[in-house]
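Note that our numbering has the sequence shown beginning at 319, numbered continuously upward.
Bear in mind the hints are in silico, worked out from the structure with no lab data behind them.
For each residue, glycine too, the CB sits at the ideal point set by N, CA and C.
Please note that the accuracy of each hint is not assured.
Here are the simulated DMTMM-like cross-link-like pairs (lysine to aspartate or glutamate), alpha carbons at most 20 angstroms apart as the crow flies [to be verified]:
1) 401 x 517
2) 516 x 506
3) 516 x 551
4) 516 x 402
What follows is a set of in silico ranges between Cβ atoms, one per label pair, in the way DEER data are often shown [as the list claims (entries may be wrong)]:
5) 582 x 478: 34 to 40 angstroms
6) 549 x 342: 22 to 28 angstroms
7) 460 x 395: 20 to 26 angstroms
8) 485 x 525: 22 to 28 angstroms
9) 346 x 513: 39 to 45 angstroms
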Amino acid sequence: MTTYAIGDLQGCHAEFVALLETLDFDPRRDRLWLAGDLVNRGPASLACLREVMALGDAATTVLGNHDLHLLAVARGGAGLNRKDTLDAILAASDREALLDWLQSRPLLVHERRGQEVVMTHAGLLPQWSLAQAAGLAAELEAVLGSERSGTFLERMYGNAPACWRDDLDGIDRLRAIVNVLTRMRFIDADGCLDFAAKEGLDSAPPGFSPWFQYPRADDPWLLFGHWAALQGETPRRRVRAEALDTGCVWGSRLTALDLESGERTSVPSRRR
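Given these sequences and hints, build the entire structure.
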């Protein structure tokens with residue numbers, strides 16, 4: 319059995335199928351870890367959602383910010399953005415089954431493979447222990463699985479609070495958790511997030527650095543997507559972090575990381 323970790327699909331269904339064929343992936347034998355953002359911006363979000371859901375237990379995916387945006391549009395009253403490609407999902411006959419499945423996905427997954435392997439969409443705040451991060455993710459998952467989910471999805475958007483505090487409560491606490499796990503790129507030494515800079519490392523605001531350039535008290539292997547501008551690189555990292563999003567939807571490539579060998583396999587984007 320081989321486990322492959324794959325970055326953001328974002329509707330790149332043809333490339334996803336091509337990558338699985340290149341890997342000779344067999345769902346009866348192998349496993350996938352998907353770093354979230356299955357949907358949006360690409361041409362075949364509905365096909366991606368159906369494909370991953372059909373893989374059943376062979377695929378584990380975490381929620382990304384675009385996945386949550388789909389849920390907010392469908393169930394939280396949010397509006398579509400100009401560049402969204404979610405209409406086919408919203409009009410699909412199996413829409414509710416797909417949304418139910420997506421809403422039940424975790425924000426964080428982990429497994430011991432010699433060392434703890436952890437996957438979230440955007441990364442892990444250095445100030446959070448692994449146990450704390452798992453607990454906070456579970457808090458948010460519980461809300462998404464409850465009758466309060468619609469209220470949360472209505473109020474999810476926002477950049478405040480930008481700094482985590484253990485005494486946060488209510489919507490501020492939930493928003494801070496979701497922003498760390500699905501939107502984080504640059505932080506300062508206190509763990510405060512910057513939301514404006516979204517490009518490569520040279521776009522860091524003064525006093526801010528990529529989250530993976532700060533040390534941690536523990537030593538997990540961290541897998542994340544979200545940051546296509548990194549092109550799979552994590553330079554000057556202070557933790558073992560693997561960037562999985564290699565910008566398929568932006569015309570680059572879709573990449574899988576073999577968690578046993580560390581080998582990367584990519585297929586080119588068809589959106590050139």
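Query raised in the report: Which hint numbers doesn't this structure obey?
Result: Hint check: nothing fails, all pass.
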